[in-house]
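Going down the list, the protein sequences come from chains L and Y.
Just so you know, we're using the UniProt record's numbering here: the first sequence kicks off at 1 and counts up by one.
Just so you know, we're using the UniProt record's numbering here: the second sequence kicks off at 1 and counts up by one.
Be careful, since some hints might not be right.
No distinction is drawn between identical chains; accordingly, a pair holds when it is met within one copy or between any pair of copies.
[Claimed, not checked] Here are the simulated lysine-lysine pairs, BS3-like style, with alpha carbons at most 30 Å apart: (1) LYS272 <-> LYS106; (2) LYS122 <-> LYS106; (3) LYS187 <-> LYS106; (4) LYS23 <-> LYS106; (5) LYS187 <-> LYS23; (6) LYS122 <-> LYS187; (7) LYS187 <-> LYS267.
These aren't lab readings, by the way, just hints derived from the structure by calculation.
Protein chains: 2
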Amino acid sequence: MTGVHGRDWRPRYLQLAEELRAKIMSGELAPGTLMPSETELADTSGLSRTSVRNAIRQLREWGLVRAEQGRGTYVRAPRQRVRRRNTERYQWEKDRVLLDEAERLKTGAIEHDTGLTVDDLKFHAEYTRVDADEEMAAALQVEPGTPLLRRVYWTSSRHENPPLTLSYSYLPYDLVAANPDLLDESKEPWPGGTQHQLHTLGIELDRIDDVVRARPPSPDEAELLDIDPGVSVLTVRKTSVDTTGRVVEVADAVMPGDRTELVYSHKLQRWKT
Amino acid sequence: MTGVHGRDWRPRYLQLAEELRAKIMSGELAPGTLMPSETELADTSGLSRTSVRNAIRQLREWGLVRAEQGRGTYVRAPRQRVRRRNTERYQWEKDRVLLDEAERLKTGAIEHDTGLTVDDLKFHAEYTRVDADEEMAAALQVEPGTPLLRRVYWTSSRHENPPLTLSYSYLPYDLVAANPDLLDESKEPWPGGTQHQLHTLGIELDRIDDVVRARPPSPDEAELLDIDPGVSVLTVRKTSVDTTGRVVEVADAVMPGDRTELVYSHKLQRWKT
Numbered sequence: 001m002t003g004v005h006g007r008d009w010r011p012r013y014l015q016l017a018e019e020l021r022a023k024i025m026s027g028e029l030a031p032g033t034l035m036p037s038e039t040e041l042a043d044t045s046g047l048s049r050t051s052v053r054n055a056i057r058q059l060r061e062w063g064l065v066r067a068e069q070g071r072g073t074y075v076r077a078p079r080q081r082v083r084r085r086n087t088e089r090y091q092w093e094k095d096r097v098l099l100d101e102a103e104r105l106k107t108g109a110i111e112h113d114t115g116l117t118v119d120d121l122k123f124h125a126e127y128t129r130v131d132a133d134e135e136m137a138a139a140l141q142v143e144p145g146t147p148l149l150r151r152v153y154w155t156s157s158r159h160e161n162p163p164l165t166l167s168y169s170y171l172p173y174d175l176v177a178a179n180p181d182l183l184d185e186s187k188e189p190w191p192g193g194t195q196h197q198l199h200t201l202g203i204e205l206d207r208i209d210d211v212v213r214a215r216p217p218s219p220d221e222a223e224l225l226d227i228d229p230g231v232s233v234l235t236v237r238k239t240s241v242d243t244t245g246r247v248v249e250v251a252d253a254v255m256p257g258d259r260t261e262l263v264y265s266h267k268l269q270r271w272k273t
Numbered sequence: 001m002t003g004v005h006g007r008d009w010r011p012r013y014l015q016l017a018e019e020l021r022a023k024i025m026s027g028e029l030a031p032g033t034l035m036p037s038e039t040e041l042a043d044t045s046g047l048s049r050t051s052v053r054n055a056i057r058q059l060r061e062w063g064l065v066r067a068e069q070g071r072g073t074y075v076r077a078p079r080q081r082v083r084r085r086n087t088e089r090y091q092w093e094k095d096r097v098l099l100d101e102a103e104r105l106k107t108g109a110i111e112h113d114t115g116l117t118v119d120d121l122k123f124h125a126e127y128t129r130v131d132a133d134e135e136m137a138a139a140l141q142v143e144p145g146t147p148l149l150r151r152v153y154w155t156s157s158r159h160e161n162p163p164l165t166l167s168y169s170y171l172p173y174d175l176v177a178a179n180p181d182l183l184d185e186s187k188e189p190w191p192g193g194t195q196h197q198l199h200t201l202g203i204e205l206d207r208i209d210d211v212v213r214a215r216p217p218s219p220d221e222a223e224l225l226d227i228d229p230g231v232s233v234l235t236v237r238k239t240s241v242d243t244t245g246r247v248v249e250v251a252d253a254v255m256p257g258d259r260t261e262l263v264y265s266h267k268l269q270r271w272k273t
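Working from the sequences, and respecting the hints, build out all of it.
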C-alpha cells in the first residue's frame with residue numbers, strides 16, 4: 001500500500017488506519033511514540049478530521065494505540081497474539097490424556113495456542129462451590145440449585161500482566177467430588193488438563209461443541225484483560241459430552257478481540273466419481 | 001431468578017440486566033415500551049446509579065433496547081436470530097451441488113441457518129472487478145494486482161430491513177471468467193451457491209477453514225446492519241481450498257454480535273481399549 005487511493009474500494013479512514021498499522025508493525029512508529037495529532041494526519045493524508053478520527057479509533061480497536069487522558073495517543077507495546085485452533089486442539093488434548101505424567105507435564109493447551117513454553121506463562125486458578133442458576137442448569141442438564149464446582153482460570157505471558165484468556169468452567173460438584181484431588185485448586189495447572197481430570201473419574205469425552213459469540217467487554221473484563229472498552233471480546237461456550245451422552249463440563253472463555261483468532265478447519269468428503 | 005441475590009456470583013448490574021431481559025423476552029416489557037428511568041430502576045432494585053447504567057448498557061449491547069436521543073430508552077422489536085452451524089453447513093452445501101436444479105432451488109444456506117424459507121428472505125448481490133491488494137493477494141496466494149471478482153452479498157428477512165449478514169467474496173477473475181454466467185450478478189441467488197458455481201468450472205472443494213474474530217463495527221457496518229455502535233460484530237474469514245490444494249475463494253462475513261452465534265462441533269476419536 002502506498003498512499004490513499006481513490007480507486008481502492010475500502011473506506012478512506014480504513015486505508016489510513018492500515019497505513020498507520022503498517023508503520024507500527026514495521027517499527028517505524030515504535031512503542032511509546034506519541035502519534036501525530038489529528039491536524040497533522042489530516043494535513044499529510046488529505047483526509048477530513050472525521051476520517052482521521054475514525055482511523056485512530058480503528059487503531060485503538062486493533063489494540064495498537066492507547067489514548068491517555070489529556071496527553072494524546074501513544075503506540076502500545078505489541079501484545080502476545082493467540083491463534084486458537086480448536087479443531088485440532090480438542091483431539092490433541094484427548095490424545096495426551098493417555099501419555100505418562102512426564103509427557104503431560106511438558107506442555108499444555110495454552111502453549112499449543114501461543115508457541116510460548118511453560119516457563120513463559122503465569123497460571124492462576126480459583127475454585128468455588130456454587131449453586132446452578134437456571135441458565136447454567138439448562139446448559140449442564142441438571143436441576144436449578146444443583147451444586148457445581150466453579151473454576152476460574154487465567155493465564156498470562158510472563159512478559160505482560162493481562163491474561164490472554166479468562167475461563168470459567170462448571171462441573172457437577174458430586175461428579176467431581178469422587179476424586180478429592182479435583183476439588184483442590186492448588187493441584188493446578190493439572191498435567192493433561194480437564195480431559196485428564198475427567199479420566200481419573202473414568203470419563204471419556206465423545207464430543208465438544210463450541211458456540212462462539214462477540215460482544216463488548218464488561219467493565220470488569222476490560223480491566224482484567226487491560227483492553228480499551230472499545231475493543232470487543234470473543235466468547236466461546238464449550239460444552240463437553242461424554243461417551244454416555246452426559247454433559248460433564250460447560251466452560252465459558254472470554255478472549256480479547258484485538259489479539260485473538262479462532263481457527264476451525266473443515267475437511268470435506270469427496271464426491272463419489 | 002427472583003431478585004438480586006447477594007450470594008449470586010455475578011456482578012449486580014448483570015443480575016439486573018438479566019432480570020430485565022427476562023421481562024422483555026416474556027413480553028412483560030413489550031416492543032416500543034419506554035424503559036423505566038435510572039432513578040426508578042435504582043429505587044426498585046436497590047442498586048447504585050452506576051450499576052443501573054451498566055445494566056442498561058448491557059441491554060443495548062444485547063440489542064434489546066435502543067437509546068433515542070433526548071427521549072429515553074425503548075424496548076426494541078426482537079430481531080431475527082441466526083445460529084450458524086458451519087461444521088455441518090459446509091458438507092451440506094457440498095452434498096447439494098450434485099442434486100438437480102429443482103432441489104437446489106428449494107433452499108439455500110441462509111435458510112439452513114435461520115429456519116426462514118426462500119419467500120421470507122430478500123437477497124442482494126453486487127459484483128465488481130478489483131485488483132488484489134497485498135493482504136487479499138496473500139490470502140488467495142496470487143500476486144498483488146491480480147484481477148479479482150469481488151462479490152458483495154447481503155440477505156435480510158422480509159420482516160426487517162437490516163441484513164442478517166454482510167459477505168464479501170473474492171475469487172481470481174480469470175478462474176471465474178471461464179464461465180461467463182459467473183460474472184453476471186443478475187444470476188444470483190445461484191441455486192446451490194458458490195460450491196455449485198465452482199463445480200461448473202470443474203472445481204471440487206477439499207477443505208474450508210474459518211478464522212473467527214470479534215471487533216466493533218465500522219461506522220458503515222453499524223449503519224448497514226442497523227446496530228448500536230456499542231454492539232460488536234463477529235467476522236469469519238472463510239478460505240476454500242480445492243482438491244488440488246489451490247485457494248479458490250476467500251470470503252469475509254460480518255455478522256451482528258447481538259443476534260448471531262457460530263456453532264462448531266467436534267466429534268472426538270475413541271481411545272483404543
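Status of each hint after checking the structure:
no., hint, result
1, LYS272 <-> LYS106, "between (43 Å within a copy, 23 Å between copies)"
2, LYS122 <-> LYS106, "within (15 Å within a copy, 53 Å between copies)"
3, LYS187 <-> LYS106, "within (16 Å within a copy, 56 Å between copies)"
4, LYS23 <-> LYS106, "neither (38 Å within a copy, 50 Å between copies)"
5, LYS187 <-> LYS23, "neither (45 Å within a copy, 42 Å between copies)"
6, LYS122 <-> LYS187, "within (15 Å within a copy, 55 Å between copies)"
7, LYS187 <-> LYS267, "between (38 Å within a copy, 29 Å between copies)"
When held up to the earlier numbered hints, the structure conflicts with 4 and 5 and fits the remainder.
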